[in-house]
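Asks: Line by line, the protein sequences are chains A and B. So that you can map any letter, position 289 of the first sequence is 289 in this note's numbering, and since no number is skipped, the others follow by simple counting. So that you can map any letter, position 188 of the second sequence is 188 in this note's numbering, and since no number is skipped, the others follow by simple counting.
In case anyone wonders, no lab produced these hints; they're calculated from the structure. Fair warning: this is a prediction, and the values are worked out from it, not measured in the lab. Be aware that one or more of the hints could be misleading.
[Unchecked claim] What follows is a list of derived Cβ distance ranges for each label pair:
1) B:207 x A:16: 23 to 31 Å
2) A:16 x B:232: 54 to 62 Å
3) A:166 x B:21: 28 to 36 Å
Glycine included, every Cβ here is placed at the ideal spot set by N, Cα and C.
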Amino acid sequence: MSSIVVKNLKKNMGPEKTLEIKQLNIESPNIIGLLGPNGAGKSTILKLLSGSVEFFDGEIKINGINIREEKKNAVKRIGSLIENPRFYQFVSGSHLLNFIDSIRRGSDVGIKVEVKSVLDETGLVKKGNALINTYSTGELKRLSLGAAIIGNPDIVLLDEPLDNLDILGEVVLDNIINKISNGKNKILVMASHDLGLLEKFCNKVIILIDGKIEEIVAMDHFGNKKIITLSRDVQSNLSLSKEYEVLGNEIIVDLGENEEIISLIRELNSQDYKVKKINDYSILKRKYLDILKIKGMSIHH
Amino acid sequence: MLFELKKISGFFTLNFWNSRAFAFMAFLTIVISLLMFILTFFTFGSIIQSFVQEGGISLYLPEQLKEATFNFIWGNIFIYLPILGAAFFAAGSISYELEQKTIYQLFSLPVSREVILLGKLISSFIATATIVTIYISIQFLSFIIAFQTLPSLNFVTYYFLALLLTFSDVSMGIAVSTFFSKQSNAYISYLILYIVVMDILSLIFQASGLNPLLIKTNADRIVYRVFMNLDPYVLYYGGSISPAPIWQILYSLEILLAYSGCFLFIAYLMFLRRGIVK
Chain A
1 MSSIVVKNLK KNMGPEKTLE IKQLNIESPN IIGLLGPNGA GKSTILKLLS
51 GSVEFFDGEI KINGINIREE KKNAVKRIGS LIENPRFYQF VSGSHLLNFI
101 DSIRRGSDVG IKVEVKSVLD ETGLVKKGNA LINTYSTGEL KRLSLGAAII
151 GNPDIVLLDE PLDNLDILGE VVLDNIINKI SNGKNKILVM ASHDLGLLEK
201 FCNKVIILID GKIEEIVAMD HFGNKKIITL SRDVQSNLSL SKEYEVLGNE
251 IIVDLGENEE IISLIRELNS QDYKVKKIND YSILKRKYLD ILKIKGMSIH
301 H
Chain B
1 MLFELKKISG FFTLNFWNSR AFAFMAFLTI VISLLMFILT FFTFGSIIQS
51 FVQEGGISLY LPEQLKEATF NFIWGNIFIY LPILGAAFFA AGSISYELEQ
101 KTIYQLFSLP VSREVILLGK LISSFIATAT IVTIYISIQF LSFIIAFQTL
151 PSLNFVTYYF LALLLTFSDV SMGIAVSTFF SKQSNAYISY LILYIVVMDI
201 LSLIFQASGL NPLLIKTNAD RIVYRVFMNL DPYVLYYGGS ISPAPIWQIL
251 YSLEILLAYS GCFLFIAYLM FLRRGIVK
């Protein structure tokens, strides 16, 4: 089983900005999202977990190994993509993957097969032997994803994985995340501004504001829920054939087929409620916007 | 550790060898060498004349002195190559990682920062030493063509000192590189430090009666003083058309090693401290 344990973590992120996490435990299998405004500390957490930032207060344990005391062993099973690197311009993609994998393994055994497999997985077989300075932005991003997953690491850290991705890249990312989610021993932590990506794949999303964990949102039970905005506030005597939750002039209902939606609209109309709009229900978006509003960070219309 | 060091230095050396900077430096070195060949092969007589006429020595110099003069002139120009090579390959090597954000990938690998720094140092040294070797190889061939004989054993000392000088220049480049997160700033600072600051320090030392050989740029010139102990910039130790005595070679060697050690220590401290967040 893979695990990440963070205790009393403190890291200075710049003038009057500190990342502070009292306790965070992640066990495999798990896909965790990090959400927050710019400068909230998402990338800093990933840098700390990946071992690329070594000066911090507190404790980080990867698979039970203290990253400060035994960094080499702690990060051996971690793959990361942080800050969209431009990489080294005058080596080929194959060379780069070969280099990263051999350092992680500590030997050259089985490297060629692994590099070939990752190039295939990222759709870069034809570009594998070309120098990196000939790669397009999308290809470079796919290579970065390849560098993060080469060697089949147990823990993968992805920082804004959707940035600079073309359609092919999005398919590659989907496949990579699906593969990770099928592994019993795998943890994926990804920081993203894309709520759709986080909702689609994550079990939990950590909302960070000003370097602190504001809320951890569980994402596993929202299925086909829709949020229906009505013309007036919902009264207590509203009776529907489906179970619903009320939020002012909105109701949240689990709806499947189109016929169910049409039927529900008829029911609402018959009780003098007009439907203004119907959206997929996003608890994440709601919670996130509520938190931003409370923190005085939302935009006023 | 050796496996990781071999991988890191091999990877970055390959990156240097494939780079435009290396192609440019190699091209420049070949052009300079060809110009030197023309200078010393076709116009050697008049060079020798202008070089020694003040001493009233005729063109019919002993062959040994002609050979020494030939290598001395090549050595005078050589001195600039490791400076430029170290500027291209070493001074930008750490700042490149910060500028291109590749440092996060590098630091997240299961390898210590000391090994990464050492790998960077070795790769920068190999790239610069390759340039140095190209020049000295052409010098060697030119010598054989000009004199129809192999150069004296001093040539081996010359090559060894050239490599030591390259190492100290690369160490200085790496140290400067750890201070900057932009490659261009690191290049410029390295060149200013080398060309301007060191020269001013040399003048201050000479004016104050202190030993100017303690300044790196002066110690560097031991490379060509193994042929003739003349230094147009420093008159501290007089000068002679004989090769520099062994004690001066060893003294300069110690100074270059001491500089390398200091620069590497600074680089180590700076690189270890890098707790990059932004």
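Asks: Now look at each hint and say whether the structure bears it out.
Replies: Hints versus structure:
1. Under the hint 23 to 31 Å, the C-beta atoms of residue 207 (chain B) and residue 16 (chain A), about 49 Å apart, miss the expected range.
2. Checked against the hint of 54 to 62 Å, the C-beta distance between residue 16 (chain A) and residue 232 (chain B) comes to roughly 56 Å, which is consistent with it.
3. Look at residue 166 (chain A) against residue 21 (chain B): about 31 Å separates their beta carbons, and that is inside 28 to 36 Å.
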